[in-house]
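Student: In case you want the letters, here they are:
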Amino acid sequence: MSVAERAVGGDTGPEQETSDDRIAFRCRSLAVDLGIGDYKRRIIENLDIEVPRRQFVCILGESGVGKTTLLRVFGGLVPAAAGSMLEMNGERISGPPQGAVFVFQNYVGSLLPWRNARKNVELGLEESLPKAERRSRAMIALEQVGLSDRANDYPRQMSGGMQQRVQIARALALRPRLLLMDEPFGALDAMTRENLQIELRRIHQASGSTIMFITHDVDEAVLLADRLIVLRGKPAAVGLDIVSQLPKERDQITTKEMPEFLMLRHKIYEMLRGYGAPA
Amino acid sequence: MTSDSVQADRGSIGAASAPPLRGLLPLAIGLLAWQFFGPRNVPYFPPPLEWLRALDALRISGSLWPAILTTMSSFAEALALSILIGSALGILLGRSETVDRMLGPSLEFWRTMPAGALVPVAVLILGYTESMTLFVVTLTSIWPILLNVRSAAQRISQDRLDTARVLHLSWFATQYKILVPSLVGSIQLGTQIAAPIVLIIVLLVEILTQGSGIGREISLAQSTFRSSTVFGLVILTGILGLGVNLLIGLAGSLLRNYATNV
Amino acid sequence: MYQRINLPGLTFMAGLVLLWEIFSRIVGARLETIPSVSKILVALYQIAIDGPLFSQLIHTLLVSIAGWLMACAVGLTIGLGIGIWRPVWRYSMASIDVLRSIPSISLISVALLFFGFSSKMEMVIVVYVSQWPVLLATAAAVGATPKSYLESAKSLRLSQRATVLKVRIPSALPSIVVGVRLALTLSIALAVVAEMVGNPAGLGFGIVYAQQAIQPAQAFAYLLVIGLVGWGLNLILMLVVERFMRNHAVSS
Chain Z
1 MSVAERAVGG DTGPEQETSD DRIAFRCRSL AVDLGIGDYK RRIIENLDIE
51 VPRRQFVCIL GESGVGKTTL LRVFGGLVPA AAGSMLEMNG ERISGPPQGA
101 VFVFQNYVGS LLPWRNARKN VELGLEESLP KAERRSRAMI ALEQVGLSDR
151 ANDYPRQMSG GMQQRVQIAR ALALRPRLLL MDEPFGALDA MTRENLQIEL
201 RRIHQASGST IMFITHDVDE AVLLADRLIV LRGKPAAVGL DIVSQLPKER
251 DQITTKEMPE FLMLRHKIYE MLRGYGAPA
Chain X
1 MTSDSVQADR GSIGAASAPP LRGLLPLAIG LLAWQFFGPR NVPYFPPPLE
51 WLRALDALRI SGSLWPAILT TMSSFAEALA LSILIGSALG ILLGRSETVD
101 RMLGPSLEFW RTMPAGALVP VAVLILGYTE SMTLFVVTLT SIWPILLNVR
151 SAAQRISQDR LDTARVLHLS WFATQYKILV PSLVGSIQLG TQIAAPIVLI
201 IVLLVEILTQ GSGIGREISL AQSTFRSSTV FGLVILTGIL GLGVNLLIGL
251 AGSLLRNYAT NV
Chain D
1 MYQRINLPGL TFMAGLVLLW EIFSRIVGAR LETIPSVSKI LVALYQIAID
51 GPLFSQLIHT LLVSIAGWLM ACAVGLTIGL GIGIWRPVWR YSMASIDVLR
101 SIPSISLISV ALLFFGFSSK MEMVIVVYVS QWPVLLATAA AVGATPKSYL
151 ESAKSLRLSQ RATVLKVRIP SALPSIVVGV RLALTLSIAL AVVAEMVGNP
201 AGLGFGIVYA QQAIQPAQAF AYLLVIGLVG WGLNLILMLV VERFMRNHAV
251 SS
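Residue numbers (my numbering), protein chains in the order written: chain Z, 1 to 279; chain X, 1 to 262; chain D, 1 to 252.
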């Protein structure tokens, strides 16, 4: 049993469900503008997406198409244009929604260097939980990412992979219903990335969170996702939206040899290269 | 992403941007309020216009310009000397670790010495002379330049020095073409910090010794309770201070062009 | 900091002192104004035991430290306001730049007008002038808090208060410390100067009195004490800072 699975025995699942508990996240006619005054451009147009609970969604697209912007809109860090409908668990999003956490690509900038790993993980809990419970939640989260023995170390004492794991632990400690991850493994070396991919998949299975994950790495996306969305065009729209038929249990070797894997991969590359018609 | 940065920027300053002029509003409003609503005929609260009149009276009586001249020439002399000595010492300390360690503690002590305290002692030894003023001001103002040049000198990359040796440059050419341009930036930075200090200490000496210059005029006006004159002169020193800062900043931009073109 | 005793440094200082002693004895006969080291130490002993040195020392220390603490409080508060809210910065920064350009020395004359020869005058000057470095350092550093930290805080839904206390201030701390150290140097310097021109109390008054009474050894003794105060307080501050900021490395 993995660390993540062991942790499920306790109370690591997401918080109380609301009435409409099939759909974790929904947006309709979503449009996003960037820039001010004369330089205002419509980046994203008319997006309709519904994400059911517990789904692992990977969002792909060419560089600059607007994947990061979209995720930031979902995370309440960037406002949507007028006329957009954006909801999480039935509530409109304006500002970072309760129950959603963002994991940034730049781990160096997001961890506070004057706090050790455990205190960094506790950062999001300090306003809502008493000390003892904070500490135990933080330690559980650190264990989920395999860093419980480094709890007292400072970011500068850790490698890039470890720092990113601390950031992920910080997000997990909040027991989020929705986890938004912006190319979190992009800055890491190949081996660390592969280990974290599998670990993330296990954490997802065990915790029941919904995950939206951005990457430009097609193989990574197909390996991790329950559902793949490819953005295309200027302004960006959904080019491909496909549910993966791959089994729940995945690994770096056998999964990548399955016909389903290759088929998904093929379709995505087609869409990215511009051969397929937008959905 | 522009919008992202605008979003995230909310509540934070652009680090190095010049403050907008509308920031002068509080000051302007304050001065106007003082002028029109300030207590009348209270001795120490003269309205701002009075200050200008007092300054003008001083000009007419012939004391203003000589005072400005005296102060500013002391300033210029002391600044030049500070730059020379500060840079020289900075280079010496930066390039030679032995000397740095030897002189270190002694200099540390002098660096933290409150400037004014030197004046009575200097007066006893050197009397009320120009060289006394120069001595005190220089001793207290070399530190920013010294420290900046020292750290820059410590950090001159070995590559540059090796370049000089490989090209068989003479000692003189090495100084001129490699060493000095590398240090120009730190000298300028140190000068920018030191200039206001030089002005302050010059005024300080003038006030303490009541010798000559603007400091003397301020001290005189204060002891005879001519408050408008005091305020007027204070504003004058402020303007001089601003002017000095602007000039040094300008010199800095010019020098930066030189340093990159060499 | 001074992990190993700086032998060359200490030797050099001792050498200087020795040279001074020899020089002043040789030349001293003619140039009475440069007293020998031994004479200075004697004078120091005299003002300490029989004289007003301790009360003057306490006065200067009290005014410097109290004024410095107040200056830090004021500078930090205003600096935070300017650093956090852009509109505040826009509508005040230019005025602040103008105000702080006025040489602090000229303001002593203004303070003398308002408060006369008193400790109040001394305090006002110390606080007014010393808070500028703290204010400016705080405003600049807090305003330049890296966006990535702020976004993390926002994404974790930290309250405004928590963001300021847990992110902005710690991030700005190294710069604020620089400002605080500068403020201490200024506090001491201004207290001494204010005592020299206005408030007949403290070490500043002591040294001026010695000068006017043409007592060079005494004047030098005061100079030594003042120098030690400046050096000592700075050292203590630096040790305290290093102790508390050991783990504070902030990646620029």
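For the record, the hints were derived by calculation from the structure and aren't laboratory data. On a predicted model such as this, the values are computed, not experimentally measured, just so you know. The C-beta atom is built at its ideal place from N, Cα and C for all residues, glycine as well. Among the hints, a few may not be true.
As the list claims (entries may be wrong) - In silico DSSO-like pairs for lysine-lysine, Cα to Cα no more than 30 Å straight-line:
no. : chain 1 : residue 1 : chain 2 : residue 2
1   : Z       : Lys131    : Z       : Lys119
2   : D       : Lys39     : Z       : Lys131
3   : Z       : Lys119    : D       : Lys147
4   : D       : Lys147    : Z       : Lys234
5   : Z       : Lys40     : D       : Lys147
6   : Z       : Lys267    : Z       : Lys234
As the list claims (entries may be wrong) - Residues from chain D that face chain X, not an exhaustive set, calculated with beta carbons under 7 Å:
no. : residue
7   : Met13
8   : Thr33
9   : Val88
10  : Arg90
11  : Ile188
12  : Ala189
13  : Ala219
14  : Leu223
15  : Leu224
16  : Ile226
17  : Gly230
18  : Trp231
Unchecked claim - Some chain Z residues close to chain D (C-beta under 7 Å, calculated; not the full set):
no. : residue
19  : Pro96
20  : Asn106
21  : Leu123
22  : Tyr269
Student: Take a quick look at whether Lys131 of chain Z and Lys119 of chain Z sit within 30 Å of each other, Cα to Cα.
Tutor: Answer holds: Lys131 of chain Z to Lys119 of chain Z is near 11 Å, not above 30 Å.
Student: Does the interface hint hold: is Gly230 of chain D within less than 7 Å of chain X, judged Cβ to Cβ?
Tutor: Hint on Gly230 of chain D: holds, closest Cβ of chain X at ~4 Å, below 7 Å.
Student: With the threshold set at 30 Å, check whether the alpha-carbon distance from Lys39 of chain D to Lys131 of chain Z stays at or below it.
Tutor: Violated, at roughly 63 Å.
Student: Sort out whether Lys234 of chain Z lies within 30 Å of Lys267 of chain Z, counting only the CA atoms.
Tutor: With a Cα-Cα distance of about 20 Å, the restraint between Lys267 of chain Z and Lys234 of chain Z holds, given a limit of 30 Å.
Student: Against chain X, with CB atoms and a cut of 7 Å, does the hint on Met13 of chain D hold up?
Tutor: Because about 5 Å separates Met13 of chain D from the closest Cβ in chain X, which is inside the 7 Å limit, the hint holds.
Student: Does Lys147 of chain D lie within 30 Å of Lys40 of chain Z when you go C-alpha to C-alpha?
Tutor: It holds: about 22 Å lies between the C-alpha atoms, which stays within 30 Å.
Student: Regarding the hint that Trp231 of chain D lies at the interface with chain X, is the smallest CB-CB distance below 7 Å?
Tutor: Holds, because the Cβ-Cβ distance from Trp231 of chain D to chain X comes to roughly 5 Å (cut-off 7 Å).
Student: Would you settle whether the hint for Arg90 of chain D is holds or violated, based on the nearest Cβ-Cβ distance to chain X being less than 7 Å?
Tutor: Check passed: Cβ of Arg90 of chain D comes within 5 Å of chain X, closer than 7 Å.
Student: Does Leu123 of chain Z meet its interface restraint, that is, does its C-beta lie within less than 7 Å of any C-beta in chain D?
Tutor: holds (6 Å)
Student: Hold the hint about Val88 of chain D up to the distance rule: shortest CB distance to chain X must be less than 7 Å.
Tutor: Not OK, violated: Val88 of chain D not within 7 Å of chain X, min 10 Å.
Student: Under 7 Å is the threshold here; is the Cβ of Leu223 of chain D close enough to any Cβ of chain X for the hint to stand?
Tutor: holds (5 Å)
Student: Given the hint that Lys119 of chain Z pairs with Lys147 of chain D, test it: the Cα-Cα distance must not exceed 30 Å.
Tutor: holds (20 Å)
Hint violations for this structure: numbers 2, 9, 15, 22, all remaining hints satisfied.
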